[in-house]
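On the provided structure of chain A, position chains B, C, D, E, F, G and H with the ligands as indicated by the hints.
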Amino acid sequence: MKNSELVSKYMRDSRLPHIWCPGCGHGIIMHSIIRAIENLGLDKDKVTIVSGIGCSSRAPGYMDFNTLHTTHGRALAFATGIKLAKPDMKVIVISGDGDASAIGGNHLIHAARRNIGITTIVFNNNIYGMTGGQYSPTTPHGDFGTTAPYGNIDRPFDIANLAAAAGATYAARTTAFHATQMTNYIQKAIAHEGFSLVEAISVCPTYYGRKNKKGSAVAMMNFLKESFVDVKAAERMTPEQLQGKFLMGEFKHNTQLPEYSAEYQKIVDRLRKE
Amino acid sequence: MKNSELVSKYMRDSRLPHIWCPGCGHGIIMHSIIRAIENLGLDKDKVTIVSGIGCSSRAPGYMDFNTLHTTHGRALAFATGIKLAKPDMKVIVISGDGDASAIGGNHLIHAARRNIGITTIVFNNNIYGMTGGQYSPTTPHGDFGTTAPYGNIDRPFDIANLAAAAGATYAARTTAFHATQMTNYIQKAIAHEGFSLVEAISVCPTYYGRKNKKGSAVAMMNFLKESFVDVKAAERMTPEQLQGKFLMGEFKHNTQLPEYSAEYQKIVDRLRKE
Amino acid sequence: MSKRIVKLMQGNEACVAGALAAGMKFFAGYPITPSTEIAEGSAEKLPEVGGKFIQMEDEIAGIAAAIGGSIAGFKSMTATSGPGFSLKQENIGYAALAEIPLVIVNVMRGGPSTGLPTSPGQGDVMQAMWGTHGDHPVIAISPQSVTEMYYETVRAFNLAEKYRTPVILMPDEVVGHMRERIEIPNADELEIFDRLKPVEGEDYIPYGVREGDLVPRMAGFGEGYRYHITGLFHDDMGFPTNSTVKAGVKINRLMAKITDNLEDLISYDEYLMDDAEIMIVAYGSTARTAKNAINKLRAEGIKVGMLRPITIWPYPVEATLARAKQVNKVLVVEHNLGQLMLEVERVVKSEAELHFLGRADGDVFVPSDIVKKVKEVL
Amino acid sequence: MSKRIVKLMQGNEACVAGALAAGMKFFAGYPITPSTEIAEGSAEKLPEVGGKFIQMEDEIAGIAAAIGGSIAGFKSMTATSGPGFSLKQENIGYAALAEIPLVIVNVMRGGPSTGLPTSPGQGDVMQAMWGTHGDHPVIAISPQSVTEMYYETVRAFNLAEKYRTPVILMPDEVVGHMRERIEIPNADELEIFDRLKPVEGEDYIPYGVREGDLVPRMAGFGEGYRYHITGLFHDDMGFPTNSTVKAGVKINRLMAKITDNLEDLISYDEYLMDDAEIMIVAYGSTARTAKNAINKLRAEGIKVGMLRPITIWPYPVEATLARAKQVNKVLVVEHNLGQLMLEVERVVKSEAELHFLGRADGDVFVPSDIVKKVKEVL
Amino acid sequence: MGNQFELRLSGSGGQGLILAGIILAEAAINSGLNAIQTQSYGPEARGGASKAEVIISDAEIDFPKVQDLNLFLALTQDACDKYIKGINPNGIVVVDDSITLPADLKAGKIYSLPIISTATDKLGKGIVANIVAIGVLTELIDVLTREQVEGAVLARVPKGTIDLNRSALIEGYALVNN
Amino acid sequence: MGNQFELRLSGSGGQGLILAGIILAEAAINSGLNAIQTQSYGPEARGGASKAEVIISDAEIDFPKVQDLNLFLALTQDACDKYIKGINPNGIVVVDDSITLPADLKAGKIYSLPIISTATDKLGKGIVANIVAIGVLTELIDVLTREQVEGAVLARVPKGTIDLNRSALIEGYALVNN
Amino acid sequence: MSKSKEQLEIKINKNWCKGCGICIAFCPKKVLGFDDNGKVNMNDRENCIKCGQCELRCPDFAIFLGGIDNE
Amino acid sequence: MSKSKEQLEIKINKNWCKGCGICIAFCPKKVLGFDDNGKVNMNDRENCIKCGQCELRCPDFAIFLGGIDNE
Ligand SMILES: Cc1ncc(C[n+]2csc(CCOP(=O)(O)OP(=O)(O)O)c2C)c(N)n1
Ligand SMILES: Cc1ncc(C[n+]2csc(CCOP(=O)(O)OP(=O)(O)O)c2C)c(N)n1
Ligand code: SF4
Ligand code: SF4
Ligand code: SF4
Ligand code: SF4
Ligand code: SF4
Ligand code: SF4
Ligand SMILES: [Mg+2]
Ligand SMILES: [Mg+2]
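Protein chains in written order, with numbering that gives the first Met the number 0: chain A, 0 to 273; chain B, 0 to 273; chain C, 0 to 377; chain D, 0 to 377; chain E, 0 to 177; chain F, 0 to 177; chain G, 0 to 70; chain H, 0 to 70.
Bear in mind the hints are in silico, worked out from the structure with no lab data behind them.
Hints may contain errors.
Which stretches of chain A does chain B cover? Using the computed rule of at least three CB atoms under 8 Å from a CB of chain B, they are [stated by the list, open to error]:
1. 107-117
2. 151-161
3. 164-171
4. 262-268
A short, non-exhaustive set of chain C residues, derived as facing chain E with CB atoms under 10 Å [what the hints assert, rightly or not]:
5. Lys6
6. Pro116
7. Thr117
8. Ser118
9. Ser144
10. Met177
11. Arg178
12. Arg180
13. Arg287
14. Ala289
15. Lys290
16. Asn291
17. Val363
Even glycine gets a Cβ: it sits at the ideal position worked out from N, Cα and C.
Isolated chain A (complex conformation) (with noise of 0.2 Å):
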């Protein structure tokens, strides 16, 4: 299908522009999104999107769904109570690193934990970028934000192997840079049975470039496409190649255990029928 085409299907194309800055990566992981969507041809009648606050949570409000923009961290509660009630829906969560990890982190676990049918996609930039750019539970250690003036002393979530440890059935991670990679984790994200998480690093020019100096949206886009790299490439390299890289790929894919509404629905209608 055209761009053109995909925008005015999936989007709410009179809402745009979007109110992200100029070279805010989150556009770039919502593109994907949309262009997941029509890989899977889903019906959009049946697909939410939930997200808390931040400004990745503003993406559903662009997005042509039945969307939903909750409270600070609590996206994933309200999904779970939709996808609970509606097991036939495709429930997408989007959210940003503090409203997944840092406030919402204990409904992250435990939707991970139950392996409910629901897909998180976090916007992941390190840094809290709607409130003007705290540090996250995902910025890195002795990088700076507006309330870690001194350095964070803080250590970063792996947010992808956090839900996977916590029981997440797919985890992936990939960057804004490699949006094509990205479109594919999102896609077997959303057609994965259960609970499913793909950590999209993105990129916030504005406070957690500035903070820290790292140059433009190009600068910091050039800067994901040469750290990131796959894991199964990381095993062929030596320790001093992967000085200074980060790791992306599929961390995890379990197809085995079942979905959590499906089996709620189990005890319906075995008590139905009764």
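What follows is chains B, C, D, E, F, G and H with the ligands alone, placed relative to chain A:
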């Protein structure tokens, strides 16, 4: 030290007997904690014990230290304030499986991520005891609780390994039956500088036991004895031998990473000098 | 009409029964004394009627999932007690602003904080009105008996669906936990309100009110209307707006749902008020104690009566004021240190002398306490 | 006495400066517009004075850690705005019941829910009083200027430490974000209250009040007094109790901290009230708008004055009542739909005619709105 | 207000006295009477003093708690000490025989009966002490019939324990009548 | 109430107009005057219309927002359209020369100046458009001196950019005086 | 439905373009540049190989391989 | 400070014992039993090997190797 002396030294013995049911495993774990503290020779004034809400969370009230009984799930957040304010304090959190991993799950992963020097002992009885037997995030799949009348369809957390994945630098699991090993692990956890967690499998004969026909407290203790195998021993066991077994042992012990409150103190020391 | 079933039932059990009768199909919550039986009963019964129950990781997730269930088209409920009610506040405001029907039960125990978890209290009455930030519409109901727990749960669902707003049911622990005789009405005896759906063939304006309607019609997600819901101020299409004009229209419409419909929303009861010279105002289990006391006082010839708000928010202002003009004295009795009392004082102004009897130590009043107090203020 | 520094300062910045002057040594919070500058300023300044800052994972953890810091002996603060204030409610009740000194700042934006996050409002005023479950003591303060933000933060810390209770500072967004001229007082010009410590040599009764003291003395953890703190009702030793007698003693003492010390707690301002026939009641930035309007009205010969509560809880009941008796009319102006107005109405009763001017659409009143309203009600 | 009979059953948490209260209230309701049951308990799941109150009436019951205690039952000393106050001078007191009653107790009738040992020794199941107690009370409360009580008991206990519970009831009746 | 001068600076988020407002207010305060600065902005970090208001007075300032707009500055069309209302008929309007003003605009003086292009083209840094604008305003606001304004600017900008910002100011002065 | 690459041509929506320069930087043929308003411009349509890299990475949906139908 | 095992003797605090039976079940010498009140009882002091297993697992601090000083 004689037990009677141990009790009068570390317990508020005029408040005993405690409110726990006959055969409740929580008392065994509490006993282990004071034994570990005695072995470490800690100054009671320099030990703070913090808990949330639950049967388990009643423990600090019986223990003669600085003790704080907070709100449900929030013990680690309160404890973080205390540890950061007073880095020299040994801060121990006592929490239930619900308190630590349901409502408190986010504080758990974030305290672990920061590697703040707090020791968390999770009294895991696989149920919400205090409120009368609802399933918890550690209730085994298929088991019953008052809110899982048709069998639990959730999958349980492995708390020790979740904490490790989130960043805990010491993580171990043991059981109320293996009380000597438990004392040993708790001792190592308290001595550890960074964030440490000991998942202590407890028994709740009153609710979990009765709902799941596990028999008396003695029967449940026997179950612990027979079902838990050490990770190291497990390596040498066949899949058949491991059928129905649970793993205990030390899952992580990393002494290389800096402790959070000490790192912050460095900032303070640097800026004050300037 | 088939015969009604008569049985001993617990208040919390009656809440579940009422909810099911009202059409509840979704419950999400987190256990807490003394509300847990509501979750337990829902867990047991919902799948039998094709509904869903989920125990979430905490109360915040509980209400969030319940709102999600409602958005998906199901009548939804969550239940809790003080500490959990505090945690739910942010999302109560969300449901109010986004206009999501929802029933929230708060079985009141002794507060503040963990307080007296197994003791009764009525200390969350003002919180029901003011617990979340910002101005917002509130409907709160306090039943006094097991039978009322049943019927008022039905009414709570009806109002939630009719007004597209969260409705808070506020039994105290005594009502939640006591067991008493109830005659369960047959299904055909109950009026059940189902949310109005978009009119087919018309353009759907998610937050536009159709001529003749009370509130915007609500499409469930997945029903073919793709629209946006947000906790930001929004325009008629549901999209965020910073327009103060649109924001003003929205908030005024939200508040008008209450202020324009007081008659439909307010429910109260009077006992021996016609010749009363002293009016007791009490609600929930405390009103039963007061009734007992009134009977004792009447036996002594003291002309005392009672006005019992069942809907506590919006408060029955007119009824109270009218009676205040009739009587000399008003005595508010509450299981707290003076909450609804403040509203009564505001309403009564100088029309009658105001007195208050309250406690918050975990113990309930006995009728003789009220008898004594009435005699004191005589 | 050295010369005072004069500078342009933002309200939120002045809050940090005041806190540091008052002895703040610990801040834990979570960012949220329009309060974030308070966290940012604390992050920058605290380590310089040997204090600690931590950004927690959410607002619940923020207040919890701040309480922890206070228990460890440090003067502590947390800051937030509406949605975060809602989340903090449970632990506000904890601090109140366990008697932990703490300053909580809520820079008010447009609510409910996410609402109008970058717009001002005064919609959380009742929530400050009633947001947590159960009866509990409350002190809340609303500054109107950058200078007041500084001094009232100092006073908030002093009251928190003196009364061992959380104190809530409630600037609206206008006050939090505006920048204006401030003369920073020198350290020796400020009276700073430090919490009273146990008397050495005496048995320490953690929740017993010594003769002549206002509240129990507070040992910091690690200072050699090993005692227990709980959010359950507790006896003088701090241990949980189900005794209704002990619970009654406790809750009554908590409430009496406020009711017995109104004079010390209440602060308000009057403007041209001596000959006023109309009294405006307003607070925070709205009071500045009202003052401007009053000047305009006075210029036209209209005798209007203002009573401005600075302490909003406990509300200045006596002052209001006294003035209500003097004037004919009372006009409450708030940046909400009528919150403190309810308290004014309760207090004023029939002593004066009550009018209200409010809005909650994100925009502020301009003086001419108030001028117009006053003329309407004349 | 019609005739009202008010009872309080007390013991330690886990002894099943709340269930006993429920059963008595159900028996009353099944007999066409009105009944209300309330309880109060501490934080302990087992142990600790707990009480259940039941009011039986032929009319509406407004105040749901005991005002004029017509019958008091205690199975533990603690519970007896804590909850006996308020007994009507003409009321009935039933205690397990292990309990020492206050010296100055004023009551219409006092029964000190081996309720617990009947359950543990005779029936071999301490857990049915509450049912034995119900048997006792059935004989002492005029408005309840053995049939209604037995029906209420059997409706509430697990299927496999029907015989045991029936025996417990019978032992209870016997304790009063011997 | 003394003499009061009220200005509103508007443009798109990220153009630094709030900083410009702060600098002007600081300059006023350093001159011994009273000043107050407020702002209003949308959810966008960049783009979107934003405004900063400054009131300068020799007396106390009560109402902190503009009532009688003496000077209005706009750097974008959007901001101009949104925020120009309320300009005093004798007031000063300063807009970037890319902006089309309303046909019916009533103002004392109107300046349409190449503020942005001066920054981008002449100075090679679009980011200092706000400082150029400050230079312009300095010349138009009686109570402010170049010295005070320059001091306030240099106190607020990063060390390495002092020369650039000084040049921007000078270009701003020149825009008015040419 | 979708047309072959050859039939498509790069389209630019200047109202949406925010001038971030990402498409310009990652265009393999360097055929894109800025216009006077700081928005993207097609400088050399001839040499565009229609690889779609610009479309893929534009955060603003502002540049894309559109139809030849000049929509 | 601590005495040698031989000097110690099992002590029982019947006020604290809740009769759960854990010590009885896991005593390797089976020297413990219940008394009439359902509390633990030392049935066979002779054969106690003072291994401390009972103390280790008692949830109620009710059984322990105490001093010979009959504290
Ligand atoms: C309860 C609550 N707390 C805090 C906020 C303020 N807030 C809004 S967005 C945000 C963080 C956003 O960061 P992230 O999720 O990483 O999204 P980004 O803006 O970076 O895309 C915060 C702290 C809020 N709206 N609600
Ligand atoms: C905010 C809040 N929610 C719920 C509760 C009710 N509650 C008290 S303890 C508890 C669970 C306890 O389970 P766990 O932590 O496993 O401890 P256990 O009792 O099993 O030792 C719950 C849900 C509460 N006190 N506060
Ligand atoms: S602030 Fe950062 S995350 Fe937010 S829109 Fe701008 S660039 Fe994107
Ligand atoms: S209910 Fe369970 S966890 Fe709680 S004290 Fe009893 S046995 Fe222990
Ligand atoms: S399609 Fe390829 S070659 Fe053509 S402009 Fe885009 S990136 Fe450049
Ligand atoms: S990537 Fe998009 S927004 Fe950026 S310059 Fe190119 S077309 Fe414009
Ligand atoms: S010390 Fe060992 S042998 Fe002796 S009673 Fe205890 S468990 Fe048995
Ligand atoms: S283990 Fe302890 S509580 Fe249990 S029977 Fe033995 S002594 Fe008693
Ligand atoms: Mg982010
Ligand atoms: Mg548990």
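Inset, instruction - Take the stretch 164-171 of chain A, compare each residue's beta carbon with every beta carbon of chain B, and decide whether three or more fall closer than 8 Å. - result: holds (count 3)
Legend entry - Whether chain B covers the stretch 107-117 of chain A (at least 3 residues having a Cβ closer than 8 Å to its Cβ atoms): Answer holds; 5 residues pass the 8 Å Cβ test.
Legend entry - Residues of the stretch 151-161 of chain A with Cβ under 8 Å from chain B, three needed, outcome: holds (count 7)
Legend entry - Per-residue hint verdict: arginine 287 of chain C, partner chain E, C-beta under 10 Å: holds (5 Å)
Legend entry - Interface hint outcome for arginine 180 of chain C [beta carbon to chain E under 10 Å]: Since the shortest Cβ distance to chain E is 5 Å, the answer is holds.
Legend entry - Interface hint status, lysine 290 of chain C versus chain E (Cβ within 10 Å): holds (4 Å)
Legend entry - Agreement of hint methionine 177 of chain C with chain E interface, Cβ distance less than 10 Å: This hint holds: methionine 177 of chain C lies near chain E, its Cβ roughly 5 Å from the closest one there, short of 10 Å.
Inset, instruction - Go through the hint on asparagine 291 of chain C and say holds or violated, using the shortest Cβ distance to chain E against 10 Å. - result: At about 4 Å, which falls below the 10 Å cut-off, the nearest Cβ of chain E leaves the hint on asparagine 291 of chain C intact, so it holds.
Inset, instruction - Would you check whether lysine 6 of chain C satisfies its interface hint, that is, whether its CB is within less than 10 Å of any CB in chain E? - result: With a minimum Cβ separation of about 7 Å from chain E (threshold 10 Å), the hint on lysine 6 of chain C holds.
Legend entry - Interface hint for arginine 178 of chain C, Cβ within 10 Å of any Cβ on chain E: OK, holds: arginine 178 of chain C within 10 Å of chain E, min 4 Å.
Inset, instruction - Grab the minimum C-beta distance from serine 118 of chain C to chain E and call the hint holds if it beats 10 Å, violated otherwise. - result: With a minimum Cβ separation of about 8 Å from chain E (threshold 10 Å), the hint on serine 118 of chain C holds.
Legend entry - Within 8 Å of chain B's CB atoms, at least three CB atoms from the stretch 262-268 of chain A: coverage verdict: Result for this restraint: holds, n = 3.
Figure legend: structure checked against the earlier numbered hints; every hint is met.
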